[in-house]
Amino acid sequence: MTPVTTDVAAPDTRRAGRYVYIAAVVLLCAWVLVPLYFLLINTLSSPETVNSFPKPFLPEFDLGSLGFFAGFAGILTALKNSILVAGLTMIMSILIGAPAGYALSRFDFRGKEAFRLLILLTRAFPLPLLALPLAVMFIQTGLDDTVFGLSLVHTTLAIPFAVLITFSLFSGIPLELEEAAWTLGCTRLTAFTKVVLPLILPGITASAIFAFVISWNEVFAAAVLTIENRTLTAFLLQNLDTSPLHLKFAGGFILVVPALIFIFAVRKYLFAMWGIANR
Amino acid sequence: MNARVLPYVLILPVTAFLCLFFLYPFVLVAKQAFSTGDGFTLDNFRQVVGYWKFPISLQNTLLLAAAVVPVQLALALLMATMVNKMQRGRDLVLYVWTIPLGISDLAAGIIWLAIFEQSGFLNSMLSGLGVVDRPVNFLSYQHPGVVFLAIALAEIWRATAIMLVILVAGIGLIPKEYYEAAEVFGASPWKRFTRITLPLLRPSLQTALVLRVILAFEVFAVVLALGGTLFPVLMSETYAYQFDLLDSGAAAAMALIILAISIGFTLIILRALRVPKGATI
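Protein sequence lines, in the order shown, are assigned to chains V and F.
Here full-length UniProt numbering is used: the first residue of the first sequence is 1, the next is one more, and so on.
Here full-length UniProt numbering is used: the first residue of the second sequence is 1, the next is one more, and so on.
It is possible that part of the hints are untrue.
Lysine to any residue pairs mimicking SDA-like chemistry, simulated, CA-CA at most 20 angstroms apart [stated by the list, open to error]:
(1) Lys268/V x Leu23/F
(2) Lys85/F x Gly172/F
(3) Lys80/V x Gly67/V
(4) Lys112/V x Ala260/F
(5) Lys268/V x Gly172/F
(6) Lys176/F x Ile22/V
(7) Lys80/V x Asp144/V
(8) Lys85/F x Leu73/F
(9) Lys31/F x Phe138/V
(10) Lys85/F x Ile22/V
(11) Lys268/V x Met82/F
(12) Lys53/F x Ala260/F
(13) Lys31/F x Ile22/V
(14) Lys31/F x Thr141/V
(15) Lys85/F x Val96/F
(16) Lys176/F x Ile162/F
(17) Lys53/F x Gly228/F
(18) Lys31/F x Lys53/F
(19) Lys85/F x Leu28/V
(20) Lys176/F x Met82/F
(21) Lys85/F x Gly67/V
(22) Lys85/F x Gly17/V
(23) Lys112/V x Leu23/F
What the hints contain is simulated information worked out from the structure, not anything from laboratory work.
The following block holds chain F by itself, in its conformation from the complex (with noise of 0.2 angstroms):
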């Protein structure tokens, strides 16, 4: 076969696949969403939003994403470059660290649930420091702001290793010669960090937090496993109407929302991290 054929026959699997499951159930998405039965309408849409869960669950995503986003972006820059500079047992330490990687949402969840659940290890730390009397329920309605953080905890302990292995690869691509010459000259370690590091690391950061804030709308397993009802998600709001409510049109409205609102951060994102054109390494 010639080079020119070639290339296509290759690529035609994974376009005829991604166009069949890909392309093709975001039309289905979009017409499920945007008719009831008889045409082109906005009820899904209506009902969907004028539900009293809806400002909540959207306050709460995107809450959580405020609060756990900007955590580990901070822990990933930190653990990157603590690990850049280690001359023994960094393949040990960078094992461990990207342990959570293969972890999912759903087992990160349990494993919180471990610690926090009413007869669990917080509750029996704390009866054994003499803190509390009582094991208390820290996961119920009373303690609405035990539950958030529980599930920022659990979501800031699985996901940082996506961002650090991003982040850890785009470090390795940075010429050493721009630290040394730096080094010469007498910049202290957070100089070079800030004026080398950081700069030549934007478009590995633009990635790891593109990937990341996606994720982070897509929440749903660990705050079922850790929340239940108590902490209302868009995403457990869809699967609630899918399933609870067999309402599929309303399921389809709310999957266009998220979709919309991750596109908008995506766009954001690129736009707030552009790589002026011509300045990559």
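Extracted from the complex, chain V is given alone in its bound form (with noise of 0.2 angstroms):
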């Protein structure tokens, strides 16, 4: 039986393993929070040091840089943006992908496949690229270079994730909690209201969050349809030439700390969200 002979035989080799193991996690953790930890030095010290060489390996707490930041024109403008579309982003998105995703998860209707079809495509497709015509059309309507036409790209990209995760949470209540609120006389509405949404809370802010931090991250697209009222990210694309280090520095680390925050907040959704809106 092999088995018991390694079993046996190797209490060393798997004690090594169990070392190799952990030094693996530990490195691969490194991996992810050093260049994270080089950007922090980097805001955290004064414009002079960023600027010098060679680099201390330590932050010298000096607010110099983002203090810079907060002062350069326009900056705080394009923070604001961002915050304004990113927002809106995840209300348009969650307002119109829930519903979808509870019609896919309680009823069976013709063109349920071609609906979940549509959805599905929208994640093949690289949408930014839209931003393309539809500056066209932007400047016909009027929506170009406002925060609302922005909002409203990034809501084509948040979308299918709402409905694809909408539905998997709904598809976690059981209908029968639905069903036993009509027998004691709720009606669908109410049904929904009173059970189905304090349940279902939770997951939807994360959702929510979610949607917030695709917007708050996309490039392209905000770079391409704002000209004045320019997001972060499109300002400090746009700068990337003209720009000295400490600014882009700050900028990127204005850009990392909601995502940090917002991982964290939604961390438990994470893998369920990803689980079953893959099927």
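Now that you have both chains on their own, put them together as the hints suggest.
Below you can see the structure in the form of structure tokens.
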């Protein structure tokens, strides 16, 4: 019996394997965290230090770079635009997407497969490219260079995820709960608001946050569709050649911080969302 | 409202929205690409493909995808299997590994710029170790290999997480009994991985690869942050047509080319990793 013999003969190799395993986990964590740490050092150093050589490997906790960032012309407006666009995207994608997620999980109807295909199709396309024809359409309708126009494009990016995620969330709530509410005198609407909604709210929040991050991070469409009302990503991209290093690093840092918080907030849902959304 | 009409009412907003902002723009972009003012023409495509930068940017995009995607697939598989048998600290490790999921490509480019720029951390380390006496300007035309490496590393760093999440979710769906049975029959860990994990993970692998490959053809901000104009890719050329040259017809033609490449690769991946009917868990 091979398993038995290896068990007896191999406590040493097993312990060695354990160390290799732990070392690999630590190494991969460092691979993610060390570049972020370097960005943190640069952000929390004075502009002179950022442009000097060699670099310190500890931050000096100087707010000079961040102060320069805050004082740079137009950047606070760009930050405000980013937040507005992401907020609008979040609201629109949930309001439009969640009803469809509910319909997919609760009803069998003709055309359901075609609808699912449309949703899945959107994910198989490089969506930011849509910004090119939309630029023309927006000029005709007066939506060009507006926060609302850009958030419409970002909603297109976020909506497939919103539908698929809410679909998997609603599927996790047994239909029997709703039926019980109906027999106790609830209508379809009150059963939904009193029974399903409270159960689903944390998940909805998680997918809303996900929509926020999608919009917050998007670069190409933002750069194509805005000129005066740039978002933070578009602003930084536009000024990549001309802006000093400390501005880039502080800007990068401001882009990363919400991402860290949001991933932490939705970590519980991350895998459930993706696991079922893929089927 | 009765149950026959209700589902249609519920999906109406999404359908209308996607028709207006997803399907309609495709018609528009095709129209833009195939016309220069008077009727149907292939001039835009001829112009775009004939430009001297086109073969370089196509080659760069494909090379980058070819270098990055296999490494990410291997790395994501390794991380997913490691996390799968972790007893303590699983949540913390998963959180750390999924951090890049929330980081934009522009921010990732800036992060790796902090390492590779002339007064950056790589130069600081190398000079601290005495390998170089003066800081080297890595991200210049004299070091095309390093520019490529920096972009590839930034891409691997940023976008492995999306594959990891899909694969971890997929591995979680594989019944533990299969592994127990395999262990009873004396299958080695490697055998269990190749005979159980990989085949049953096929649907997740499919999704992960499709998403990742499409993202690879969209690579844009990372490249601009690290290589600037040194490393032209399809997406940055499209952007240049739209903005610097103000030629939206050519930009639309580029968009359709990127689209065609993406769809082509999606079909190849779907075909190569197709799941036999009735063989899902």
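Right, here's what the structure says about each hint:
1. Lys268/V x Leu23/F: 34 angstroms, violated
2. Lys85/F x Gly172/F: 11 angstroms, holds
3. Lys80/V x Gly67/V: 17 angstroms, holds
4. Lys112/V x Ala260/F: Between Lys112/V and Ala260/F the Cα gap is close to 27 angstroms, so the pair fails against 20 angstroms, i.e. violated.
5. Lys268/V x Gly172/F: Holds, because 14 angstroms separates the two Cα atoms, which is no more than 20 angstroms.
6. Lys176/F x Ile22/V: Roughly 23 angstroms between the alpha carbons, so the hint for Lys176/F and Ile22/V is violated.
7. Lys80/V x Asp144/V: 18 angstroms, holds
8. Lys85/F x Leu73/F: 19 angstroms, holds
9. Lys31/F x Phe138/V: 16 angstroms, holds
10. Lys85/F x Ile22/V: Distance ~12 angstroms between Lys85/F and Ile22/V Cα, so the pair holds.
11. Lys268/V x Met82/F: 19 angstroms, holds
12. Lys53/F x Ala260/F: Distance of about 19 angstroms is within 20 angstroms: holds.
13. Lys31/F x Ile22/V: Since the Cα atoms of Lys31/F and Ile22/V sit roughly 56 angstroms apart, the hinted pair is violated (cutoff 20 angstroms).
14. Lys31/F x Thr141/V: Distance of about 19 angstroms is within 20 angstroms: holds.
15. Lys85/F x Val96/F: 17 angstroms, holds
16. Lys176/F x Ile162/F: At roughly 24 angstroms apart (the allowed maximum being 20 angstroms), Ile162/F and Lys176/F break the hint.
17. Lys53/F x Gly228/F: Holds, because 14 angstroms separates the two Cα atoms, which is no more than 20 angstroms.
18. Lys31/F x Lys53/F: Violated, at about 24 angstroms.
19. Lys85/F x Leu28/V: 16 angstroms, holds
20. Lys176/F x Met82/F: 15 angstroms, holds
21. Lys85/F x Gly67/V: 46 angstroms, violated
22. Lys85/F x Gly17/V: The given pair, whose Cα atoms are some 13 angstroms apart, holds under the 20 angstroms limit.
23. Lys112/V x Leu23/F: 18 angstroms, holds
In summary, the numbered hints that this structure violates are 1, 4, 6, 13, 16, 18 and 21.
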